[in-house]
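Undergrad: The primary structure of each chain is shown beneath.
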Amino acid sequence: MKKEFLLKKIFGTIVFLIFSLIGMAQERQVTGIVKDEKDQPLNAATVSVKNGTASTVTKADGKFQIKVPAGKVTLVFSYVGYDKSVVTIEENQTSVIVKMNESASKKSMDEVVVVGVQRQTKRTATMAISSVLSKDIENLPSPSIDNLLQGRVAGLNVQIGSGEPGVAPTVVVRGNSRVNTNIGNNPDVAQASALSGPLYVIDGIPTNPEDIAGSIDATGTNYLAGININDIESVDVQKDAAATAAWGSRGANGVVYIKTKRGRSSKPEFRVNAYGGITQQPQLLNTVTGAAERKLKMDIINQYATPSQLSNLPQILTDYNNPYFNNAEDWQGLFYKSGSVKNVDATMSSGTDAVSYRISMNYYDEKGIIQNFGFKRYSARGNFDFKINPKLNGQFIVALSKSDRQRGKKYNNSDDNTPVSGSTQPSSLYRVTAFDSANYSGLSGRIRNKNLNDYYTASLTLNYNMLRNLRYTFQGSANISSSNRDYFLPSDLDQVAAASGSGQASYAESDKGTYSTYFLSNTLNYNKKLETKSGHTHNLALTGSQQFTRDISNTSNTSGYNVPSNNIQVVSGVPQADLYGASGYAADAMFSLLGQAQYDFDGKYLLYGSYRGDASSRFGDNTKWGYFPSVGAGWVLTDEKFMNKLQAKGIVNFLKVRASYGISGTQSGNLYAPYNSYSIPGTYNGGTAIQPSYTNGLTKNNLTWTKTEQKNIGIDAQFFKSRIGISVDVYDKISKDDYYNFNLPFYTGYQSIQFNAHDLWVSNRGVDLTLTTKNLSRESKLQWNMQVTLSYNKNAIAKLPNNNRTFVVDDYYGTSRIYAVGQPIYEMFQMKYLGVYNNQGQIPFNPLTGNVITYFKGNHKVVPGDPIWEDVNHIGDVWTDEDNGNQYGDRVPTGDPNPKYTGGWVNDFTYKNLSLSVLSVFTFKRDVINTFYQSQISSIVGGYSSSIYSFAHNRLPDLSGLNYWTPAKAKDPNYTADFPSLNPFGSSYYQFIPISSMFNEDGSYFKIKNVVLSYQIPESLIKRAKIGRAKVYCIVDNIATIKNSTMPNPELVDQLGQYTGGLYATPTRYTLGVDIQF
Amino acid sequence: MKKQFSFFKIGVSFLIAIILIGTSCKKYLYEAPITSTYGAAFWTSQSAVEQASLAMYGQLRASLRSSGSYFINGDLCSGVFIPKAGQWNYQTIKASNNPPYNFSYVPYLENDLQNWSRFYRVIAQANLILQNVPKMEPSLFKNEAIRNGYISEALFIRAYTYFYMIRIWGDPVYVTKTYDDVDYGNIPPIARTPEGIVLDSCINDLKVAAASLTYGGGSTAKTIRANKGTVSALLAHIYAWKHDYANAHTWCQDVINNGGYTMEPMATYTNIWKGQSSNENIFELPMQYNPSDPNFSGQGSWAEAQFGFFGTFVKGSVVDNVNNQCWLSPDNGTVDWFYDYADARYNKVWTHVPASGGDVAGYMLMKYTNFQYQKPDTKTLPYFNNNLVLFRLSDIILLDAEAMASTGDINGARAALAKTEDRAGVNTYLAPANAYDMLDEIVMERGRELFGEGQWYYDLIRTEQAQTWLEAVGYPSNGRVNNVNKGYYWPLDMGTLFPYDKLLTQNLWWSTHK
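If you're matching them up, the sequences are chains A and B in order. Numbering follows the numbering used here, with no gaps: position 38 of the first sequence is 682. Numbering follows the numbering used here, with no gaps: position 371 of the second sequence is 372.
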């Protein structure tokens, strides 16, 4: 025994020595050049020796040099977004030209994705992940990355409800799972939490923008706007439970993994990229002005008025010659203008075996299309990689950014953008003097409104290869985000009011907030490859990790009325009684343990499992821990013998089926949710009182994680020499136990409590489809690549508390929403509008009384010209409720604001040095409400009240082409009106408020979002200037919208589908840029 | 060998790292808030109990003031006043409405007039004190009497609140426990308890409270918290409400003889509402301006001094024209009917104003007129520096008169009436010869004395079955206000309340009259 062992050892030593000798003596150099399909050199492609250690990267001109062992060797070429290329170098070959093909599926199969703490290749992953690469999004004029993901990722629904720079769009992965019942509150606050947003992981560090916004938000600026888009290398959107369970705690609503760029060029490289352009003044709404307005109004009046009403019209309509009333002012013109956008990036990077770095600086400046709106950002980022020794390597990232958002006079993403709101603009007949005009347009200009957001992050990752198969990774990071707002409103803001002594008090405010996240993790990674005698391989990867996250938020707010002078624009000298000050502190912690296992047999049969446990301080003593398991399996069919034929012919290049199941969670948004925090309501005879909070009065020792259970089946396939790639996923997601505001019985003395609703289930089912094609042959000079993404999602409430009790909540704009099992979240609940009663004969009778039917509980007898509202309960009266206790009256579900189909269509064309990319996005099957039109109609002919005066004084909405009912037209017995009577003298029975579906519209749209044309300047022209590469490009952003609704842009709705018309329009931008690399 | 050793070393240090992070993070996982106190940390000092007690009083004040419901319930419903011209949604609370005094239709006021939830907050706060204070260590209090004092105050406020609710809605849902997380998710519905049973419980509580409290001795410093005199006054009122006039008399006598209160002379009559300025007051709620009040400028429910609450009674120059409408007692109404023009109170607390601001001509109440501006230079942030008097000696003397008249002691009643009428310079108490007439005189004198103090409507209910005053002020004689239908109580907003208490029932009259 002993002898044998000794022999083996000696033999082993000899073999080792021989090999090392050969290695030393017989090394040789291979040089080459790497190009892409268009014969353009590829910069920074990785060249490595198969089964060896040597590797290098190509330079800007695509050239490389590598030392290889003697004999026949195999070189592997890889480049992000390109298929891996494997080339065999013969014994005496010293140079090579390699052409790499862009992968059909955007990310090649060998690309690495990070799931939890484990790295996996796309080929062997069993999860549903979609990616967006830097080349798809670079240079697009947008302050934040989330805007740019629209239409590029199947399963990700991005809706840009406001074009205001620095404001976050809504991002929902695979359907909304949040049931918010506070939608009737201030829309700024309530709607921010109406939808379930994803978790963002930035270079491995989990960040939840909603937590940050919920804790410190002083400015309302999008957290992600702190990251320069041109620093981003890739974005992976992880959708199914196998992917998200590993993020456990906070992955239930999807995970967006953002990876930033690193240095890889062996030669130091300097790159400057600059673009600039204009944002076009939005198209103003059609408005009739001046004489035309007066004529139109008089026409309407003449249709309906009695002689006595005609003799008593408001002066503004009758006094033609009065200079105060004979103007033609389109008030919109006062506020809207053209804006601009500028962006400069400078990057230095280099990479050697030992150290690589990439340092970038960015300046982004967008001026808004409304007075005093804009966004500026200065940012810097450094990514450093160190290879200390073959066993130890590390990465250090540091990023800083400062952004400054101008946002007019408002706080958040509200529609309060202009001093005169969209729907209540005055008649064009009024005279707007230079003083008025200056007063209005200067209103926001004299407000001091500084909104600064700072963002600092530093992270360190160390990898230590303890054994050949065992790697230890430490990751530590600090992420600090601060939000500062300084605001001042002078007392003479409204100069007219100030002059007459009725001006408001001056007001100053200063809010500061800092949110710090510290993240520590220790990970052990074990990889084992076992080759069996029969030539098969078992690959096993085991990962165990322990993580600790701590969040600390600090806030301070001071404000005061009656600042002594308008020259003092801070909180200073404010009388004691008008002074308000408070500071806040909140902290939480989470401790997690995570295990992940990945196994494949010959890369053909794939198995994956993970198990994660999280303990959070945000939960009750009994229920801190939540456990999130997931399993996945996959089968690469193309590796089977029976597929060989198809594969050889190039018909089916790759085919994988996969399935996964798992549970992920979310934690409470309240950092101290289990504590029954007491509050200080005020004083009693000067003594301070303390009482429990009536909305959070009970301790919650059993408060725990919400859970989302998700099943996913997917297919990844490539056909016809990889010219067509398809990826389809079908999912079934059920979210349970979400936090829900339960009303408590009145006799407890408490109002409500937020707790896990064990009977609140939300189901989201759907299909994600990604199709990529290369429409022309690889040999063609012109290349045309296409990507279509399509997401279908069906959202429904599956279970409700209190034995599935249906309930109705009115949103801020007065539209009721029904919460019922089987209905989508936020389904509109209104009386059904079915057209117009054209003549008396069409009006039905009340079966009980024999009289014509009535509206509004008998208060309005229906007459011709009235809207037809469906009498659902057949009692001869139509209204939203009945006095007999039927609280839902004739209301029925009338519209679903959750889009059923969303997606995008990308077309990339290249011809020689020229490339053209067109992105279109679409949303179909979505219902929205045109509250803007509704409130305009309301204000001219009565909603809550009606009067000839409001008709005369307000701007007339665009009535061109509107076939509204008039008595004259109705004389024709065959006449059919499209809209009810607009009688300004008629009685109001609330016919024009959104209690009926009269103003519901189809929110579908198809939008050509951007077109990018770029030209790579030939090397010959720039070589002399020592320029490596240069590119010029121009971009048109938000080009055209095809839609089926009356509003100019049906995407500009809030989270609940309300179009208020006042939102900041998404402007068309034209930019021109140049990208130079030295 | 060496490799293994290093692996072992790394493994150990990895384990140590896990343990270190694991143990230190355990502390973080149980971190409590520092920006607010919470149940488990709060009940650990006498000053905390004081703060909780102040919250209880403050809640009561906020609940009574809510949308001026104190005066709507106590005065407007009795027809003494008519609502302002602009209060379109108050117009159903008038004798001239059809049907008269329609309590079931008060648009936008349902939450204040038909929903009792806010009073359950006061009760919850009292219950919280009653649950926690006895459990605290004795060493946390200066002495045991102080601890018992807090318990007694909570018992008093709970009893007062139930009594107040009963006078408006009848049978309450009776709760004397605190709800906590153990109950959450399985809180059983509770049916209403007959008012008599609840009042008996309140009486028992008050007797306990009386045992550990002392009299205020007429000190104006002690009128804003419960003391033994306050408890006795409430006992007298509760017994009177139960028509147990023998006991009512006993407790009235206790207040009159032992309380240490004295009648305010007519010369300084308005000191009663000035705020802790009269020895006549037994219990008043402070509503004085306090410069450090954080709620003042917002005029929220917790603001100590407000404008709107008392402002409902006055307009014109009294309030520097901040109001141009107010509640008035119209000409040929209650004021002209009740007062002898020689009555000093007629001149002291009523001013005739001509029709203005849409209001008809009538009498304006002048009890709460201590009008101020926080910023006199800019005339902004107006308020009243008046207190709301809940119990005072005249009230108890007249209640005693009612008790004596009801038990046949006409002379005793006359002697009691003399105390308030003589002060006002009138002597209509001389005329009545029998109990019925004497009681009518007492009801009228209670009105003359207490109009605009949120009391008289309950006097009418209390004496209704014998004297039928409700019909006299305009309530229909269709059986609404008999002692079966009890249509003098307000309906409950069942749409809001019933979903959370399936055993809740509507008041009889209102279940059939909408």
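No wet-lab data here; the hints were simulated from the structure. Each hint should be verified, as a subset may be incorrect.
[As the list claims (entries may be wrong)] Okay, derived cross-link-like pairs now, DSS-like style, lysine-lysine, Cα gap no bigger than 27 Å in a straight line:
| no. | chain 1 | residue 1 | chain 2 | residue 2 |
| --- | --- | --- | --- | --- |
| 1 | A | 679 | A | 779 |
| 2 | A | 1268 | B | 27 |
| 3 | A | 1505 | B | 27 |
| 4 | A | 1501 | B | 95 |
| 5 | A | 1094 | A | 1156 |
| 6 | A | 1501 | B | 515 |
| 7 | A | 1351 | B | 515 |
| 8 | A | 1156 | A | 766 |
| 9 | B | 503 | A | 1443 |
| 10 | B | 27 | A | 1351 |
| 11 | A | 711 | A | 1156 |
| 12 | A | 1268 | B | 28 |
| 13 | A | 1365 | A | 1293 |
| 14 | A | 1425 | A | 1443 |
[Said to hold, decoys possible] Short, incomplete list of chain A residues facing chain B, as computed with Cβ under 7 Å:
| no. | residue |
| --- | --- |
| 15 | 994 |
| 16 | 1319 |
| 17 | 1333 |
| 18 | 1389 |
| 19 | 1393 |
| 20 | 1549 |
The beta carbon of each residue, even a glycine, is placed where N, CA and C say it ideally should be.
Undergrad: Run every hint past the structure and note whether it holds.
TA: Structure-based check of each hint:
Between residue 679/A and residue 779/A the CA atoms are separated by roughly 17 Å; this keeps the pair inside 27 Å, and the hint holds. Using a Cα cut-off of 27 Å, the hinted pair residue 1268/A and residue 27/B holds, with the two alpha carbons roughly 11 Å apart. With a C-alpha separation of about 69 Å, the suggested pair residue 1505/A and residue 27/B falls outside the 27 Å cut-off, and the hint is violated. For the proposed pair residue 1501/A and residue 95/B, the alpha carbon gap of about 24 Å is at most 27 Å, so the pair holds.
Restraint check for residue 1094/A and residue 1156/A: the C-alpha separation of about 11 Å stays at or below 27 Å, so the hint holds. With a C-alpha separation of about 14 Å, the suggested pair residue 1501/A and residue 515/B falls inside the 27 Å cut-off, and the hint holds. The hinted pair formed by residue 1351/A and residue 515/B fails the criterion: a straight-line CA distance of about 46 Å is larger than 27 Å. For the given pair, residue 1156/A sits about 43 Å from residue 766/A by alpha-carbon distance, which is inconsistent with the 27 Å threshold.
Using a Cα cut-off of 27 Å, the hinted pair residue 503/B and residue 1443/A holds, with the two alpha carbons roughly 22 Å apart. At most 27 Å may separate the alpha-carbon atoms for a hinted pair to count; residue 27/B and residue 1351/A meet this at roughly 23 Å. For the suggested pair residue 711/A and residue 1156/A, the alpha carbons sit about 56 Å apart, so the restraint of at most 27 Å is broken. Restraint check for residue 1268/A and residue 28/B: satisfied, since their Cα atoms lie roughly 13 Å apart, inside the 27 Å limit.
Note on residue 1365/A and residue 1293/A: the hinted pairing holds, with a Cα-Cα distance of about 8 Å set against a maximum of 27 Å. Restraint check: the Cα-Cα separation between residue 1425/A and residue 1443/A comes to about 57 Å, which exceeds 27 Å; the hinted pair is violated. Interface restraint check: residue 994/A against chain B, minimum CB-CB distance 32 Å, threshold 7 Å, status violated. With a least beta-carbon distance of about 4 Å to chain B, the hint placing residue 1319/A at the interface is held under the 7 Å criterion.
About 4 Å separates the beta-carbon of residue 1333/A from the nearest beta-carbon of chain B, less than 7 Å, and the hint is met. A distance limit of 7 Å between C-beta atoms decides the matter here; for residue 1389/A the minimum to chain B is near 4 Å, and the interface restraint holds. For the restraint placing residue 1393/A at the interface with chain B, the shortest Cβ-Cβ distance is roughly 2 Å, inside the 7 Å limit, so the hint holds. A hinted interface residue such as residue 1549/A counts as satisfied when its beta carbon comes closer than 7 Å to some beta carbon of chain B; here the least separation is about 48 Å, so the hint is violated.
Consistency note: the structure conflicts with the earlier hints numbered 3, 7, 8, 11, 14, 15 and 20.
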